[in-house]
Amino acid sequence: MSVKITFPDGAIKEFQSGITALEIAGQLSNSLPKKVLAAEINGEIQDATRPITGDATLKLLTWNDNGGKSTFWHSSAHLMAEAIESLYKGIKFGIGPPIENGFYYDIDTGHNTLTINDLEKIEKKMLELANQKSEFKRKAISKGDAIAYFTEKGDEYKLELLEGLEDGHITFYEQGGFTDLCRGPHIPNTGHIKAIKLMKLAGAYWRGDEKRKQLTRIYGVTFPNQQELDDYLKMLEEAEKRDHRKLGQQLEIYTFDEEVGPGLPLWLPNGGFLIEKIEELAKQTEDEVGYSRVRTPHIAKEALYIRSGHLPYYKESMFPPMELDNVKYYLKAMNCPHHHKIFGAMPKSYKDLPIRLAEYGTCYRYEDSGSLFGLMRVRSLQMNDAHIYCTKEQFESEFRAVNAMYLKYFKIFGIEKYKMRLSKHDPSKLGQKYINEPELWIETEEMVRNVLINSGIPFEEVQDEAAFYGPKIDIQIYSAIGREFTLATNQVDFAQGKRFNLKYINKDNQEEFPIIIHRAPLSTHERFIGFLLEHYAGNFPLWLAPKQIAILPISDKFMTYAEGVASKLKEKGFRVKMDERAEKIGKKIRDAEVMKIPYMTVIGEKEELNGQISVRKHGKGDIGSFSIEDFAVLLQEENKR
RNA sequence: GCCGAUGUAGCUCAGUGGUAGAGCACUUCCUUGGUAAGGAAGAGGUCGCGGGUUCAAUUCCCUUCAUCGGCUCCA
Numbered sequence: 001m002s003v004k005i006t007f008p009d010g011a012i013k014e015f016q017s018g019i020t021a022l023e024i025a026g027q028l029s030n031s032l033p034k035k036v037l038a039a040e041i042n043g044e045i046q047d048a049t050r051p052i053t054g055d056a057t058l059k060l061l062t063w064n065d066n067g068g069k070s071t072f073w074h075s076s077a078h079l080m081a082e083a084i085e086s087l088y089k090g091i092k093f094g095i096g097p098p099i100e101n102g103f104y105y106d107i108d109t110g111h112n113t114l115t116i117n118d119l120e121k122i123e124k125k126m127l128e129l130a131n132q133k134s135e136f137k138r139k140a141i142s143k144g145d146a147i148a149y150f151t152e153k154g155d156e157y158k159l160e161l162l163e164g165l166e167d168g169h170i171t172f173y174e175q176g177g178f179t180d181l182c183r184g185p186h187i188p189n190t191g192h193i194k195a196i197k198l199m200k201l202a203g204a205y206w207r208g209d210e211k212r213k214q215l216t217r218i219y220g221v222t223f224p225n226q227q228e229l230d231d232y233l234k235m236l237e238e239a240e241k242r243d244h245r246k247l248g249q250q251l252e253i254y255t256f257d258e259e260v261g262p263g264l265p266l267w268l269p270n271g272g273f274l275i276e277k278i279e280e281l282a283k284q285t286e287d288e289v290g291y292s293r294v295r296t297p298h299i300a301k302e303a304l305y306i307r308s309g310h311l312p313y314y315k316e317s318m319f320p321p322m323e324l325d326n327v328k329y330y331l332k333a334m335n336c337p338h339h340h341k342i343f344g345a346m347p348k349s350y351k352d353l354p355i356r357l358a359e360y361g362t363c364y365r366y367e368d369s370g371s372l373f374g375l376m377r378v379r380s381l382q383m384n385d386a387h388i389y390c391t392k393e394q395f396e397s398e399f400r401a402v403n404a405m406y407l408k409y410f411k412i413f414g415i416e417k418y419k420m421r422l423s424k425h426d427p428s429k430l431g432q433k434y435i436n437e438p439e440l441w442i443e444t445e446e447m448v449r450n451v452l453i454n455s456g457i458p459f460e461e462v463q464d465e466a467a468f469y470g471p472k473i474d475i476q477i478y479s480a481i482g483r484e485f486t487l488a489t490n491q492v493d494f495a496q497g498k499r500f501n502l503k504y505i506n507k508d509n510q511e512e513f514p515i516i517i518h519r520a521p522l523s524t525h526e527r528f529i530g531f532l533l534e535h536y537a538g539n540f541p542l543w544l545a546p547k548q549i550a551i552l553p554i555s556d557k558f559m560t561y562a563e564g565v566a567s568k569l570k571e572k573g574f575r576v577k578m579d580e581r582a583e584k585i586g587k588k589i590r591d592a593e594v595m596k597i598p599y600m601t602v603i604g605e606k607e608e609l610n611g612q613i614s615v616r617k618h619g620k621g622d623i624g625s626f627s628i629e630d631f632a633v634l635l636q637e638e639n640k641r
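Positions 1 to 641 (this note's numbering) are the ones given, in order, by the first sequence.
Derived by calculation from the structure, the hints in this document are not laboratory data. Please read all numbers here as calculations on a predicted model, not as lab measurements. Glycine included, every Cβ here is placed at the ideal spot set by N, Cα and C. Incorrect hints may have been included.
Listed below are the simulated DSBU-like cross-link pairs for lysine-lysine, each with C-alpha atoms no more than 35 angstroms apart in a straight line [said to hold, decoys possible]:
| # | residue 1 | residue 2 |
| --- | --- | --- |
| 1 | Lys125 | Lys211 |
| 2 | Lys503 | Lys570 |
| 3 | Lys640 | Lys277 |
| 4 | Lys241 | Lys547 |
| 5 | Lys241 | Lys417 |
| 6 | Lys640 | Lys588 |
Estimated spans, in silico, between C-beta atoms of each pair [said to hold, decoys possible]:
| # | residue 1 | residue 2 | range |
| --- | --- | --- | --- |
| 7 | Lys246 | Ser369 | 19 to 27 angstroms |
| 8 | Lys587 | Tyr205 | 50 to 58 angstroms |
| 9 | Lys283 | Leu634 | 25 to 33 angstroms |
| 10 | Asp257 | Gln463 | 38 to 46 angstroms |
| 11 | Glu238 | Glu163 | 41 to 49 angstroms |
| 12 | Lys587 | Asp231 | 30 to 38 angstroms |
| 13 | Lys213 | Ser455 | 42 to 50 angstroms |
| 14 | Ser369 | Glu44 | 38 to 46 angstroms |
| 15 | Ala537 | Glu156 | 43 to 51 angstroms |
| 16 | Leu609 | Gln636 | 23 to 31 angstroms |
| 17 | Asp257 | Lys577 | 24 to 32 angstroms |
| 18 | Gln227 | Pro320 | 52 to 60 angstroms |
Generate the whole structure from the sequences, applying the supplied hints.
Structure, rendered in structure tokens:
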């Protein structure tokens, strides 16, 4: 009996039935079997050691394939579990999957307390066990036997996992002295794992449920050689350098103060400047396409948020109310109810629509203390908010226009790496997390999907991520250290119009509720500037840089000339910073470089004599001498956003 | 909010059961120097806050606050 194997390049070869992918690799080349970690057989990733008994397509997976990597890391999680089990008694294991960069295993440490110091010990043990090149052995097992095994072992977590599995589809994997309930696949043997780094120790709720026991999660990453590990650690170090919290301090953008409160950033002058500049961009952009600017108070009565429906959903994340004359007032956590009241303040005709109300609104949200994160997750925030009230017929063009605005901004800021997500409701949570209008949900989700498809914007759809009042498009971005954030959001609201009794008179003299679009393409100042810091690694484009040109006189003999240069550049609209300190030029340059000021002009005897300036570009070095006029012309183009 | 770690000068960090140190930054003085750190002196800290143990606590213990790594959450 033979089987026909189709390779990715289309080639078809015949092999003896029962041959494994690993054996096939051996027939193709001598070195290949050492690299094969798993096999994609008929589109499904499997152990490379499983016999192939029918015709199949085959792709051999190595470290260079995502499937190879994830199999490698999954096996590494098992290796770590083996090491932990051999070092400590009474450990119970939850789950141990591969993740984007490595793997983790959730464990119940029982009487042991693991600390960071244990990680090194576990790493050593893992290397020792990896060296034994233990094979991963797959074993189909009956549910009864599996239950017996883990009952004997006393691992209630595995027993709980088994409850959800169907008899006849249960497999164990064994390597060395460790057996785990596992679907697989795994690498052929532990010998492939050559470099190991256990990254961190953290708590994680069993099955992600905060009401259940918190287990200890150990994160790790492994590689097939030391070099790759070194490179990876170096990459992490580089990423840390562009962490907005570090840059925010270094470039004097913002600060926190314990007496002010957690999550309440104080914007330093450089940060204040960025805010002004971004706001200028938003106002200009919105003016051009027919938005009106409004302003609303930072607080409102409880009744407003009861009407909007926010209070029951979000009470926990609002600052507690203040009570005056028996009336409760809340700090606003969102601007929408205020804007709705503005819409409702005067009667509206269909001729007035669409109405687009914009405001950089300041909101306060009582985020969990544990979730605060630099500028990316704060408790006071200023949002690039606007609400568009339109008819059903106008919806598509309005929604498209909003998307176009997003793309315009992305172009201005050079944002290429993002993910658009259509966040939908979850039918099983209607009436709880989501407003109970099943048909309207389907209808609006379809409307949004169509706009995205018609505009040719790639997106993915995710359930159970919508706002309570309607579906939304979220723009997902990643922080320097890889954490995922929603940068901006674009939402459809079919509920609040009715709740606020917002009406317009249509052509037929009938009252109708408008559809409301909530949008915040520039996010909040906090998150957007946090993102920009990481995006640009602190090197803001010229138009946005708080200080554009550092004036660096070589000695105070040239101060008068330097001041003349500074005031001429200021007249031409540039933002200059004069360094009058009695420091050497090398020191002044260094300080300007550290502050990432885009241009430096060195001014000394030579310059004063021929009426020029020497220009140095940040990160590049000396770019030669210019007259002030020529320099201004040089910067003109770059200074446009 | 939960698990874990951390908290010493503006910043980065040493250190100790007998009330503290470095580098950078800051102030003053000297230096007037040509493309990433010139020199000297000085000033600056209730060792996060509160409590306990002790003759004595910055150090050991507890509480609390904040930050960090995760989890949960995220309008």
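Quick rundown of the hints versus the structure:
no.: 1; hint: Lys125 with Lys211; result: holds, 34 angstroms
no.: 2; hint: Lys503 with Lys570; result: violated, 51 angstroms
no.: 3; hint: Lys640 with Lys277; result: holds, 12 angstroms
no.: 4; hint: Lys241 with Lys547; result: holds, 21 angstroms
no.: 5; hint: Lys241 with Lys417; result: holds, 19 angstroms
no.: 6; hint: Lys640 with Lys588; result: holds, 27 angstroms
no.: 7; hint: Lys246 with Ser369: 19 to 27 angstroms; result: holds, 22 angstroms
no.: 8; hint: Lys587 with Tyr205: 50 to 58 angstroms; result: holds, 52 angstroms
no.: 9; hint: Lys283 with Leu634: 25 to 33 angstroms; result: holds, 29 angstroms
no.: 10; hint: Asp257 with Gln463: 38 to 46 angstroms; result: holds, 41 angstroms
no.: 11; hint: Glu238 with Glu163: 41 to 49 angstroms; result: holds, 45 angstroms
no.: 12; hint: Lys587 with Asp231: 30 to 38 angstroms; result: holds, 34 angstroms
no.: 13; hint: Lys213 with Ser455: 42 to 50 angstroms; result: holds, 47 angstroms
no.: 14; hint: Ser369 with Glu44: 38 to 46 angstroms; result: holds, 44 angstroms
no.: 15; hint: Ala537 with Glu156: 43 to 51 angstroms; result: holds, 47 angstroms
no.: 16; hint: Leu609 with Gln636: 23 to 31 angstroms; result: holds, 26 angstroms
no.: 17; hint: Asp257 with Lys577: 24 to 32 angstroms; result: holds, 25 angstroms
no.: 18; hint: Gln227 with Pro320: 52 to 60 angstroms; result: holds, 54 angstroms
When held up to the earlier numbered hints, the structure conflicts with hint 2 and nothing else.
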